[in-house]
Amino acid sequence: MPQISLVSKNFQYPDQVELQAALSRGAWEQWKRVLAEKIPPAAIIEEVKAAKLRGQGGAGFPTGVKWGFVPKDSPKPKYLCVNADEGEPGTFKDRAILENDPHLMLEGVAITCYAVGIHTAFVYMRGEFYQPQRVMEKAIREATEAGLLGKNIQGSGFDLDVIVHMGAGAYICGEETALLNSLEGWKGWPRLKPPFPAVVGAFGCPTVINNVETMAGVPHIMRLGAAEFQKLGTEKDGGTKLFAISGHVAKPGVYEMTMGSSLKELIYDVAGGLPGGRRLKAVIPGGSSAPVLKADEIDVPLEFEAMAAAGTMLGSGAVIVLDETVSIPEVFMVTARFYAHESCGQCTQCREGCTWIYKISKKILAGHGQPSDLDLMLDLADNMNGKTVCPLGAAMALPTIGFLKKFPHEFLALMKS
Amino acid sequence: MPELTIDGRAVQVPDGTNLILAARKLGIDVPHFCYHPGLTVVGSCRMCQVEIEMGGRKRMDLACANQAADGMVVRVNTPETIKARKGVLEFLLMNHPIDCPVCDDAGECKLQDYYMVHGLYQNRLDVPKWHKPKVYSVGPRVILDAERCVLCSRCVRFCDEIWGDRQLGIFGHGSEEVLINYPGKELDNPYSVNVVDLCPVGALLEKKFRFQRRVWYLKSVKSICPRCSRGCNIYLHVDQDHDYKQPGKRVFRVKPRYNPEVNRWWISDRGRNGFDFIDQNRVGVPRIQDEEVTWEEALGRAAELIRAGLKTWGPQGLGVLVAPSASNEDAFVARRLLRDLLKLEHVDFDVPSSDQPQADHLLLTDDPYPNRQGFRDLGFGPGEGGMRTADIVKAAQNGKIKGLIVAGTDLEGVLGDRAAGLAEKLGWLICVSYAGDALWQRAAVGLPMAVYAERPGTFTNFKGKVQKFEQALTPFGASQPQWLIWQRLAQKLGAKWSYEDERAVFKDLSQGKPAYDTLDWFATFGAGPGPYNDNWYMW
Ligand SMILES: Cc1cc2nc3c(=O)[nH]c(=O)nc-3n(C[C@H](O)[C@H](O)[C@H](O)COP(=O)(O)O)c2cc1C
Ligand code: SF4
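Here the protein sequences line up with chains A and B, keeping their order. So the first sequence is numbered by this note's numbering: it starts at 1 and just counts up by one. So the second sequence is numbered by this note's numbering: it starts at 1 and just counts up by one.
To be clear, the hints were calculated from the coordinates, so they are not data collected in a lab. This one's a predicted model, so the numbers in the text were calculated from it and none came from an experiment. Hints may contain errors.
[Stated by the list, open to error] In silico SDA-like pairs for lysine to any residue, Cα to Cα no more than 20 Å straight-line:
no., chain 1, residue 1, chain 2, residue 2
1, A, K231, A, S5
2, B, K86, A, D375
3, B, K83, A, A394
4, B, K86, B, I98
5, B, K207, B, P133
6, A, K76, A, K264
7, A, K363, B, P128
8, B, K86, A, G150
9, A, K187, B, F171
10, A, K187, B, G172
11, A, K187, B, L39
12, A, K187, B, M60
13, A, K362, B, H131
14, A, K363, B, L125
15, A, K193, B, M60
16, B, K25, B, M72
17, A, K187, B, D160
18, A, K193, B, G16
19, A, K187, B, K185
20, A, K362, B, V127
21, A, K187, B, I180
22, A, K187, B, P183
23, A, K138, A, G157
24, A, K363, B, V127
25, A, K187, B, K492
26, A, K362, B, E176
27, B, K492, B, V414
28, A, K264, A, E324
29, A, K187, B, G169
30, A, K187, B, T40
31, A, K363, A, L378
32, A, K49, A, A226
33, B, K86, A, D382
34, A, K187, B, K83
[Claimed, not checked] Residues of chain B clear of chain A, computed beta-carbon distances all greater than 12 Å:
no., residue
35, V11
36, G43
37, L125
38, P140
39, R141
40, G172
For every residue, glycine included, the Cβ atom is placed at its ideal position computed from N, Cα and C.
Work out the full structure: start from the sequences and follow the hints.
Pasting the structure below:
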């Protein structure tokens, strides 16, 4: 059974956003158990490691391992930043959690903070997320009033404040170090790494940054145990993942799948296939930064390594399905426009390269392209790829290479010979 | 002290040295725009990519953000790094107006230099360029052409980190990003022109220097800033060969010279703007009253007046004021003449100035003179019972002092109209001066003096550090260094000693004084050996 209801189990209940209703369906139980049984923090980190939970924000870094990088005996305070910036085009799965089951994420936040020794958590939320902001702030208020957050939680002596911080709508502020700068009140420019945020993060202090969905997985690990959770997925990718599928499918939406399910199954069985009997042309499998797959390449497991082996990435789990009516050069132009607009402007190659590629793509669509433009764009992509402060430069370069190498004929067709 | 190999050559550097500085120690230049040793590392221009091999693993990474480690193998120029740099350069030039022929930075521009090394490609851009603000005044002394800007953020970091006030910022995102004033702020800090030195291209330019001279006509001479007692190390940029455009103007700008113990990479705008006096209102011919005469005549007359003054009024009737803008050599010879030979008592250097600097946390002190400490150290000053400046001036005004010798003072600036009146009260006034001010006009004898830029010498800064400045220009007209004027006067008054040049004076005055022994007259005064180029504004 690849489709599954774990994180998304309670999305169906409109009253799940209310604390009482959530409690009746088992919310916060794992948090109370952790405190009551005084489970050692180190044991929780080991459990999350063993569960093979991987970051759901795009990079897929093993979550327990990341927590382990935080220095144990730092004299400074430590922070958690929940990345709720969800800006990657095509991605709308964090929003589903934030709006439908805020207490699930908050419980994960509480357990994470306990495990790492954190007393202040920030939820950095995308500027446009007005509704999720209201839901989340209410959930925090209710949980604090009920003694699940705040000072001396459940008499344990453990304190935790959760603060919602709204961004201003820049995609780059989803990048973890840009997020930190933005949180601190600076311009959202990614920082050079090292030092990594786990050592020098928010306000110069050790900081864990995790995606909303990653947080939502934590209570399930505590409930099922690491082994059970991991077994839902594959050897290296434990548990489940939410996929936001959009484009030319009969039933676009957010679906939860076990790790390692097939992309083909997701498109055809779960999301109902392509409407109107049209043929599939291409799939962008992990948000706009993921290189495109051709119709005959979609038989891949939804798993970080397998996707990488297929020359693309699982990314944020945003699957964009494109049928035969779609013009690839147009999709490419729209993608380039996005990155040209969202480049933070810090690195030379990304700042100028994204715009240059966008301008060329526009020129081609206007019928003024030449075949040499394809080589030029590939060379520009090479000059950008992997040579910048943050991966946004690569997020433009890799799809460029993907679109141009897989669909050169569509570009050439727009050029007058 | 990690030892590493860069381009096949071994080098040992202190812990924490980054690869740009380590390479520089071997004389290897790693191209860069945003990195500057005086500012935090941001690694955003991406120009300094090198190949780093460590533990058998190779990767391409930034030289600015990676520190030297034992056993590291660094290759600055591999096909990959050269392509990467060429790529960066092409991106930077993509929206650049390529207006070198009218750009003041031509000749000192990193884009130009690196293009000659890494560029030389055929232009591949056939889409329109962005347009951004041009000829935009960001502050009273600095002008911006945002189209030339490479957004390295050095200027922004200077204001933030060195001065401590955000006066500039980079706004917007993507390639529409632009450097401009922080909202509601002017780039008006007292060190603002340092951003012009920091700017690796021609985006930020000094208004005072704009369109004045192509930089390749300028000769760069090591000097010391005379505008406060810090003694910041500077270069004077002079042109003696091309007087056709602005007759008489020889000094075109002042640039900072790196010295880790004094001013690091910076100088104040006050110091940078303080060279006009070198070429303005100068006097170059000795005078007796309003008549131009030879040096022999003028010195003979001055000696006569002094001798007669001593006879009729005694040493109590004579006063001397020497501004401590004069060098140690000047002060030393002056002391030998005035105190040792003539036994004058009312001799002082604590003269006021109308041009008071405002001290701050960075460099400026509140002392307008560069060598007050030197005068003190050399024992120049009143004898027992001698008066200080204020009393000497008062005594001159009420007729107690009848003969007054002034050298390089700013009495006109301080006393205003009363300066002229002062001269009239006196029996005689001997004026050693570079400027044709009110005192010069009224002097019985006027002896024209060369300014610091026209001869070598040393200043002692307020911390007691003795620093040498070199001769950048020939003395204006027939003017002579102050020490030589005192020496020739001394000879007329019976002294048996004489020095051949400034170096001989310095040798004599530094005898047995450890502070001076550290300074070797012949050494070139930079930061000493080390990875820093003291021609730092080319960083
Ligand atoms: C340009 C860019 C945008 C990103 N945007 C998001 C985002 O909106 N949400 C998110 O969770 N992670 C985003 N990331 C990934 C984060 O940098 C980071 O890897 C993630 O928040 C870590 O959490 P995780 O380990 O739980 O996935 C982005 C990364 C880049 C380079
Ligand atoms: S790669 Fe792009 S978005 Fe990332 S830091 Fe550099 S300029 Fe900013």
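> What hints, given by number in increasing order, does this structure fail?
Replying inline: 6, 8, 12, 23, 25, 27, 34, 36, 37 and 40
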